[in-house]
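S.K.: Listed here are the chains, written in short residue letters.
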Amino acid sequence: MKRIQYTYLLIVLIILGLGSCKKFLEEHPTNFLSPGFTITNTKEARALANGCYAQMQGLLAGQPASYGGNVWNLMEFMTGKSNSDLGQTGFVNFQTLTYNNTSFYVDTWWQQMYLGIGACNLAIESLEPVSAGVLADSVKQNMLAEAHTMRAFYYFFLVRMYGAVPKVTATPTDLNLKLSRTPAKAIYDSIIIPDLLLAEQSSLPWQDHTGLVSMGAVESILADVYLTYAGYPLQGGDQYYTESAKRSKAVIDNGGYNLFPNYSDMVLPANKNSQEFIFQVQYAAAVPSTNPLTPLTIPNYSGISQYSDEYGSVHPTEQFINSFPAGDKRVEERQFFYTSYPSIKSSAIVTFQGHYIYKWFDSVAVRNTVKSDLNYTVYRLADVYLMYAEASNRSGGGPNSDATNYVNLIRQRANLAPVGSLSQADFEHEVWLERYYELCFENKMWFDMLRTRKVHNDVTGSWDDFVGHKTVWNASFTNSQLLFPVPKQETDVNPNLLPNNPGF
Amino acid sequence: MQDWSWDNRTTKDLLLQTPIPWSAGETNADVYENVGSVRNSGIEINLQTVNVKNADFTWSTSFIFSSNRNRVLKLNDGNADIFPGPNFLGQTNVIRVGAPIGSFYGMTRVGTYSTDEAADAATQGLKPGDRKFIYNKDGSPYYSIIGRAYPKWTGTFSTELKYRSWDLGVDIRFVEGVNTAATFKHSSEDRQTIANSLATVLGAWTPTHQNTMISQVRNYKFAQNSHFDTWWVEDGSFIRGQNAVLGYTIPEATVKRMKLTHVRIYASVQNFFLQTKYTGYDPEVDTFNSTYGNNSGFSQNLDFFSYPRPRTWNLGLSVGF
Numbered sequence: 001m002k003r004i005q006y007t008y009l010l011i012v013l014i015i016l017g018l019g020s021c022k023k024f025l026e027e028h029p030t031n032f033l034s035p036g037f038t039i040t041n042t043k044e045a046r047a048l049a050n051g052c053y054a055q056m057q058g059l060l061a062g063q064p065a066s067y068g069g070n071v072w073n074l075m076e077f078m079t080g081k082s083n084s085d086l087g088q089t090g091f092v093n094f095q096t097l098t099y100n101n102t103s104f105y106v107d108t109w110w111q112q113m114y115l116g117i118g119a120c121n122l123a124i125e126s127l128e129p130v131s132a133g134v135l136a137d138s139v140k141q142n143m144l145a146e147a148h149t150m151r152a153f154y155y156f157f158l159v160r161m162y163g164a165v166p167k168v169t170a171t172p173t174d175l176n177l178k179l180s181r182t183p184a185k186a187i188y189d190s191i192i193i194p195d196l197l198l199a200e201q202s203s204l205p206w207q208d209h210t211g212l213v214s215m216g217a218v219e220s221i222l223a224d225v226y227l228t229y230a231g232y233p234l235q236g237g238d239q240y241y242t243e244s245a246k247r248s249k250a251v252i253d254n255g256g257y258n259l260f261p262n263y264s265d266m267v268l269p270a271n272k273n274s275q276e277f278i279f280q281v282q283y284a285a286a287v288p289s290t291n292p293l294t295p296l297t298i299p300n301y302s303g304i305s306q307y308s309d310e311y312g313s314v315h316p317t318e319q320f321i322n323s324f325p326a327g328d329k330r331v332e333e334r335q336f337f338y339t340s341y342p343s344i345k346s347s348a349i350v351t352f353q354g355h356y357i358y359k360w361f362d363s364v365a366v367r368n369t370v371k372s373d374l375n376y377t378v379y380r381l382a383d384v385y386l387m388y389a390e391a392s393n394r395s396g397g398g399p400n401s402d403a404t405n406y407v408n409l410i411r412q413r414a415n416l417a418p419v420g421s422l423s424q425a426d427f428e429h430e431v432w433l434e435r436y437y438e439l440c441f442e443n444k445m446w447f448d449m450l451r452t453r454k455v456h457n458d459v460t461g462s463w464d465d466f467v468g469h470k471t472v473w474n475a476s477f478t479n480s481q482l483l484f485p486v487p488k489q490e491t492d493v494n495p496n497l498l499p500n501n502p503g504f
Numbered sequence: 001m002q003d004w005s006w007d008n009r010t011t012k013d014l015l016l017q018t019p020i021p022w023s024a025g026e027t028n029a030d031v032y033e034n035v036g037s038v039r040n041s042g043i044e045i046n047l048q049t050v051n052v053k054n055a056d057f058t059w060s061t062s063f064i065f066s067s068n069r070n071r072v073l074k075l076n077d078g079n080a081d082i083f084p085g086p087n088f089l090g091q092t093n094v095i096r097v098g099a100p101i102g103s104f105y106g107m108t109r110v111g112t113y114s115t116d117e118a119a120d121a122a123t124q125g126l127k128p129g130d131r132k133f134i135y136n137k138d139g140s141p142y143y144s145i146i147g148r149a150y151p152k153w154t155g156t157f158s159t160e161l162k163y164r165s166w167d168l169g170v171d172i173r174f175v176e177g178v179n180t181a182a183t184f185k186h187s188s189e190d191r192q193t194i195a196n197s198l199a200t201v202l203g204a205w206t207p208t209h210q211n212t213m214i215s216q217v218r219n220y221k222f223a224q225n226s227h228f229d230t231w232w233v234e235d236g237s238f239i240r241g242q243n244a245v246l247g248y249t250i251p252e253a254t255v256k257r258m259k260l261t262h263v264r265i266y267a268s269v270q271n272f273f274l275q276t277k278y279t280g281y282d283p284e285v286d287t288f289n290s291t292y293g294n295n296s297g298f299s300q301n302l303d304f305f306s307y308p309r310p311r312t313w314n315l316g317l318s319v320g321f
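Chains as they are written, first to last, in the working numbering: chain A, 1 to 504; chain B, 1 to 321.
Keep in mind the hints are simulated off the structure, nothing from the lab.
Don't take every hint at face value.
[Stated by the list, open to error] Computed list of lysine to any residue pairs in SDA-like fashion (alpha-carbon distance at most 25 Å, straight line): (1) Lys470/A x Ala122/B; (2) Lys470/A x Ala119/B; (3) Lys167/A x Tyr32/B; (4) Lys43/A x Pro205/A; (5) Lys43/A x Glu26/B; (6) Lys127/B x Asn93/A; (7) Lys178/A x Arg96/B; (8) Lys74/B x Pro495/A; (9) Lys329/A x Pro261/A; (10) Lys127/B x Asn100/A; (11) Lys152/B x Thr10/B; (12) Lys185/A x Pro502/A; (13) Lys178/A x Leu75/B; (14) Lys152/B x Leu75/B; (15) Lys444/A x Ser66/A; (16) Lys137/B x Asp492/A; (17) Lys178/A x Ser37/B; (18) Lys127/B x Leu97/A; (19) Lys137/B x Pro495/A; (20) Lys178/A x Thr27/B; (21) Lys444/A x Gly62/A; (22) Lys137/B x Leu97/A; (23) Lys137/B x Asn496/A; (24) Lys167/A x Asp77/B; (25) Lys454/A x Asp464/A; (26) Lys178/A x Gly78/B.
[Claimed, not checked] Far from chain B, some chain A residues (derived; all Cβ distances over 10 Å): (27) Thr404; (28) Asn405; (29) Pro418; (30) Leu450; (31) Lys470.
The C-beta atom is built at its ideal place from N, Cα and C for all residues, glycine as well.
So here's chain A without its partners, still in its complex pose (with noise of 0.2 Å):
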């Protein structure tokens, strides 16, 4: 009897020390990418590309803790020009520009960006060391431009908000995160810009119906970028105006984009990434994956749509509609902006009290299925034609037939008349007039104030400096509005990137 379970006990040590234990215990995940991996086939290295624009939602992310506060909101309410339906957007804190480093918005923005940055470098990072077999060069040199384009992005928004910023261009290793901040200028140089000219070099095609970056993007950003250097507060010359007409004419020749007949194209979900459009941030009602814009920009209770929340988070100031010229298409009903509709109950016409944002206005999504299947335009061409108009009119001493040419064509959509051959200064003029009321409330006006210094008076009608602009709410523009506070979130877990922004 011992001798046999002396032997039992013999065989099951045997074979328990034939498999090694360790390595029947180790399972590898089979349903996400673990830390340390590398990619083995196209599709890891395309989902790692995909990664990069999960952020640019970012650019309409929700703020915590608001009701009708979007990230969106905070460049608007900036310029002066808007108004809100709601206190909780904290509209009143800009409004009367009291708003501080605990102030809605700067610390989402802050946040979204540096996660897609986040992103992006972990896409170059997993990108670069692929060999050949597994990715053709071409492919993984457009995948690493896309990633590179979309960090320079990212940084974009970044310097031009808070000015000197964390550089980070690697995944964290370690616990050193407490980095300081890094002047605007040296990030521009050591990322935003080679970033962009590493993409410039790719083979990417000029459009891109499905949202990803395209060589159009590319040179519109970059296009951006250089008008952006060459003004405030870097000022780095009039090479950068010469280098930002440059990208924008290529775009114009080559990107195959046409301007949209009608205002109302764009508020239709079949154009997306179409045409007009050159690089969009991407929603789809199929997802459900829906634009926050088009219930926000509903006059707040108004009662004409299906959606169980109208917000009226931002809307135009009277007088910035007044500020249009007579006869400007942009201000008539249903255009970029409208004043009334029918109610969804009956059917009443609803008059609101002024102008609200028709941009985003998803018809289908409104009147019945509350899923906005509209993008939201970050560059189109009209954008690019009048960039171009501003960069060549400056490096070229004036304006040249192309740039008339080009404003004209703006214009000209607008119902408005075209505009002979005007001096350096009264072109310029123009042209950033038209950048006010063609791209108004798609992000762009607050941007174009920081860099040029100066603002538009609506009531006036004159370019007052930006430094001393009292806005419609009576309160006056000073050194602080020149860069957001740090959010105070960020600066509680890093003391490094203290002191904040001036008058923060």
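Chain A is already provided as a structure; the job is to place chain B on it using the hints.
M.R.: Only chain B this time, still in chain A's reference frame:
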């Protein structure tokens, strides 16, 4: 019978989900780290007495008293403050050397601006009727430790009475020297006319009633900033009737006739009374627990519409075969 104990414990390498800067680009913006050391010292007294004991009637009581003093001794990074979250319109808690864990951190509300103080209010972009806080000399809001989430002392008083076949047990619990933060006041008092408000809003500032802590009722379109402040942090001490049981054990003779060994009927009620100054439903809350992804141990006693504890009635029958 008595039992007295005293303990003094220093815990090093305190584990905390430390927030990391957003610039690191990580979706989970915290990391487990050893951040410092904390000392817990306290006494515990356990007193059990049998007050009466005779053939028909027994009465015993038990009294437990425990107090704990908690104090952060050291933190990394030169003893810099750590904010463990949650962030609810601003930081609500702080871990600071010299203070206990679970300290509330916020602004100090002194009342509302009167019409005479219009100029003073204007320096902060506010008007008479707005909430008035303490500010630093440079105009920035004054933040300080405004409460504690862990009690100074707790105690339990239990008593058991037995009279022939009847038994009665009562447990009462005391918690004293703790604050509960009524963060729901943000939605129900600070912010008006968009949804229901608390009845306290009836005592809001008006030009004829200016001596109040509640700001003027305004259309929600003019909503003012709301902050975690001393008005939200209330006294969370309480006395709670935890449990009361009344039972009747059927006498042995009768039970034997039923061919059973033991039959007892009892009725009990849990949470039979609550005595507290706290204006919310129940001062013992933990809304921002780990489901909110935070350091739940550091964010106790924050109440954001937590469901109140019910009073539970039980009726039971215990039968032995």
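S.K.: If a hint holds in the structure, say so; if it does not, say that too.
M.R.: Against the structure, the hints come out as follows:
1. Distance check on the hinted pair: Lys470/A and Ala122/B sit about 18 Å apart at the alpha-carbon level, within 25 Å; holds.
2. As the CA atoms of Lys470/A and Ala119/B are separated by approximately 21 Å, the hinted pair is consistent with the 25 Å bound.
3. Distance restraint check for Lys167/A and Tyr32/B: the Cα-Cα separation of roughly 24 Å lies within the 25 Å cut-off, and the hinted pair is therefore satisfied.
4. Our distance criterion of 25 Å between C-alpha atoms is met by Lys43/A and Pro205/A, whose separation comes to about 20 Å.
5. With a C-alpha separation of about 23 Å, the suggested pair Lys43/A and Glu26/B falls inside the 25 Å cut-off, and the hint holds.
6. With a C-alpha separation of about 13 Å, the suggested pairing of Lys127/B with Asn93/A holds against the 25 Å cut-off.
7. As the CA atoms of Lys178/A and Arg96/B are separated by approximately 19 Å, the hinted pair is consistent with the 25 Å bound.
8. At most 25 Å may separate the alpha-carbon atoms for a hinted pair to count; Lys74/B and Pro495/A meet this at roughly 18 Å.
9. With a C-alpha separation of about 12 Å, the suggested pair Lys329/A and Pro261/A falls inside the 25 Å cut-off, and the hint holds.
10. Between Lys127/B and Asn100/A the CA atoms are separated by roughly 18 Å; this keeps the pair inside 25 Å, and the hint holds.
11. At most 25 Å may separate the alpha-carbon atoms for a hinted pair to count; Lys152/B and Thr10/B meet this at roughly 18 Å.
12. Note on Lys185/A and Pro502/A: the hinted pairing holds, with a Cα-Cα distance of about 18 Å set against a maximum of 25 Å.
13. For the hint linking Lys178/A to Leu75/B, the alpha-carbon distance of about 16 Å falls within 25 Å, and the restraint holds.
14. At most 25 Å may separate the alpha-carbon atoms for a hinted pair to count; Lys152/B and Leu75/B meet this at roughly 23 Å.
15. Between Lys444/A and Ser66/A the alpha-carbon distance is near 23 Å, which keeps this suggested pair within the 25 Å criterion.
16. Proximity of Lys137/B to Asp492/A is assessed by CA-CA distance (about 20 Å); at most 25 Å being required, the pair is judged to hold.
17. Of the supplied pair hints, the one linking Lys178/A and Ser37/B holds, its CA atoms being roughly 22 Å apart against a limit of 25 Å.
18. For the given pair, Lys127/B sits about 15 Å from Leu97/A by alpha-carbon distance, which is consistent with the 25 Å threshold.
19. For the suggested pair Lys137/B and Pro495/A, the alpha carbons sit about 21 Å apart, so the restraint of at most 25 Å is met.
20. A hinted pair counts as satisfied when its Cα atoms are at most 25 Å apart, and Lys178/A with Thr27/B qualifies at roughly 17 Å.
21. Between the alpha carbons of Lys444/A and Gly62/A the distance comes to roughly 19 Å, so the proposed pair stays at or under 25 Å and holds.
22. Our distance criterion of 25 Å between C-alpha atoms is met by Lys137/B and Leu97/A, whose separation comes to about 20 Å.
23. Note on Lys137/B and Asn496/A: the hinted pairing holds, with a Cα-Cα distance of about 23 Å set against a maximum of 25 Å.
24. Distance restraint check for Lys167/A and Asp77/B: the Cα-Cα separation of roughly 22 Å lies within the 25 Å cut-off, and the hinted pair is therefore satisfied.
25. Of the supplied pair hints, the one linking Lys454/A and Asp464/A holds, its CA atoms being roughly 6 Å apart against a limit of 25 Å.
26. Annotation: proposed proximity of Lys178/A to Gly78/B holds, straight-line Cα distance about 14 Å (limit 25 Å).
27. With 10 Å as the threshold on Cβ separation, the claim that Thr404/A sits away from chain B holds: the shortest Cβ distance comes to roughly 44 Å.
28. No beta-carbon of chain B comes within 10 Å of the beta-carbon of Asn405/A; the shortest separation is about 43 Å.
29. Every CB of chain B is more than 10 Å from the CB of Pro418/A (nearest about 43 Å), matching its label as outside the interface.
30. Residue-level check passed: Leu450/A sits 22 Å from the nearest beta carbon of chain B, beyond 10 Å.
31. Here Lys470/A stays apart from chain B, with its beta-carbon at least about 16 Å from theirs, past the 10 Å limit.
Checked against the numbered hints given earlier, this structure breaks none of them.
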